[in-house]
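**Student:** Now for the letters of each chain:
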Amino acid sequence: MSAHLGERLSAFLDGELALDERAAVESHLRQCADCARELEELGAVDALARELPVQAPPGYFEALPGRVRSRMRARRRPRPVMVWMATAAAAILVAVIAPLTLRHGAQPAMAPATAPAAADAFKERALASEAPAMAQAVPAVPAVPAAAPTALPAERHLQERDKSQKLSRAAVDGALVAAPTAAAGGARSASALESATAARHDEGKAEPPAPAGFAPPPAAPRATLPAAPVGQAVEGFERERRVEEAQAKVKDAQAENIQAQNTDLREQVRPLKKSEDTAATPAPERKAPVAGALSAHVASVLPPDARFEGLRARRPASLTEARALRDAWEAFARDQPADPRADEARVRAIETGVTAWRLGGDAADLARARASAAAYLAADGSAQRARVRALLETLPRSPEP
Amino acid sequence: MDAPSRADPSRDQAGGAPGRAAPDAADATEAALLAQAQGGNLFAFEEIVKRYQRRVYATAVRIVHRHDVADDVVQEAFLRAHQALGRFDLARPFGPWICRIAANLAVNHVRSPVSREEGLPEAHAETASAAPSPLVGVLDAEARAQLARAMEALSADQRAVFVLRVFDELSYKEIAESLEISIGTVMSRLARARERLRVALAPYLAAPRVRGAEGGDR
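Protein chains in written order, with my numbering: chain E, 1 to 401; chain U, 1001 to 1218.
Okay, chain E solo, but in the shape it has when bound (with noise of 0.2 Å):
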């Protein structure tokens, strides 16, 4: 750059500077007629760059608002009103709970013309905003854990993801070597629940989904819940509820399923991670299904919020990394062909197939996203066949040998 204005001329051409700067800008411009050249450069790279056009794939943009709202009722949280009328609702239980509680408790002599008026002023100390005294003062209501002001929503968001990429990681990595016991009765992920009841909140399933089976480190807090009045306490306690049902039967599931195969799996997975660190060279044919096997397995049991999430943060890195994911959106397309999502997860393996295959070089991946393409194509839901029609021509015209 110019040894004469240097970057000033930069923060000049943004119209950045400061009016004395500026001044004395413009009028080394009038004499130096190189550092006048190389504004109007730099000028004209700016308005090139402009006209570089960028291009999604064809039908991207049609599809995306509904991606985004899809995610959005998975998320979405409940509002300031439903909290309002929700801690109204637990305020009238307490005040109708309550005076029972205190007739047949701590005053059996109370005259039962009485208690109405006892339970109106319950009411009314309840309706004047003692919420929270009241949370804790009756036992019926279970206690929030005393959150921390929470996260920013951003910042929290960055939480979430974090576990879902922890919890993508685990069915990958680590997932068998932890042994289902560890999995079954593992902490709870707070995302996968919050996802799992969110959506049950939005789309009033009538069978919840099934609760996250293993999760990241017991330590996670319920930090992503709201620091709540009373309200939430209630439904704090009917999502434990509910969630403990269900993951019940995940329990039954896992020790039907994960325990039966849990001896050859571990014994097929060892050699497997050994030759991951070991061996540089794509990886024998057999040892991406098994470990697609494996994660997709494990992953059947996560809500599929959670486990949409945990598969969209993955970042395929090797041959295997590739391979296992292309099989896991298989089987999440497999094991939700009803969930709104299933038709971007068939993109996706087919997208991820041909990742394969560009690490791998192995002409077989290609053949089986070509397969899975034409499928595709061929199916009468398809919704992204321009995106797929593009990914196809991308590539060779015919099977690399």
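Derived from the structure by calculation, the hints contain no laboratory data. Only a predicted model underlies this, so the values are computations on that prediction, with no experimental measurement involved. One should not assume that every hint holds.
What the hints assert, rightly or not - From the derived model, a few chain U residues whose C-beta atoms are all more than 12 Å from chain E:
hint, residue
1, T1029
2, A1032
3, A1035
4, D1089
5, A1091
6, G1095
7, S1155
8, D1157
9, L1179
10, I1181
As the list claims (entries may be wrong) - Listed below are several chain U residues computed to face chain E (Cβ distance under 7 Å; list not exhaustive):
hint, residue
11, L1042
12, E1046
13, Q1053
14, Y1057
15, V1061
16, F1078
17, H1082
18, A1143
19, R1144
20, L1147
21, V1166
22, Y1172
23, M1187
24, L1190
The C-beta atom is built at its ideal place from N, Cα and C for all residues, glycine as well.
Given the coordinates of chain E, assemble chain U onto it according to the supplied hints.
**Tutor:** This is chain U only, laid out in the frame that chain E set:
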């Protein structure tokens, strides 16, 4: 800023729920839509997504250079914007705000250890636009290709600053806030980025001057 996707010039209805979306959503002012979205109306927010998705995608993909990553960034940016919408001042324009969110996410991704910049697949790469004359078109096409390569060669930090300034037209202060750096750093990174691009384009820069093309009159 120009809408980035020339492949999708028309405003589409796909991906939404036409039957349920408010029929006048497309005509509503941005502030009205945002106010509805703040009240929890998902369809109002979806209309906002439709209006800004191309711009946000362009910001993201120019920084990360991969469609799949840009796709993640775009979705995440809209989700975060939706989550933070309650704090958004309706008197301010939404575009710069969402682009700042996207740029921050994009840069964080590129800085992250898992990031591996591999470049866009061929089919997603830049395509030439209509040129005013065949001769100029050849020069411009070459220059564009050279510029695209030079932009890829910038560091992610330099690229982010350049994208936010030149494409999204944010002030240095806004860029500094978005990327959590000082204004002085914005200034120096931008100057270095421009200088590298200028050097890369040097063989072509004489032509615009001859043609009388103007670029430095901003």
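**Student:** What are the numbers of the hints that this structure violates, sorted from low to high?
**Tutor:** none
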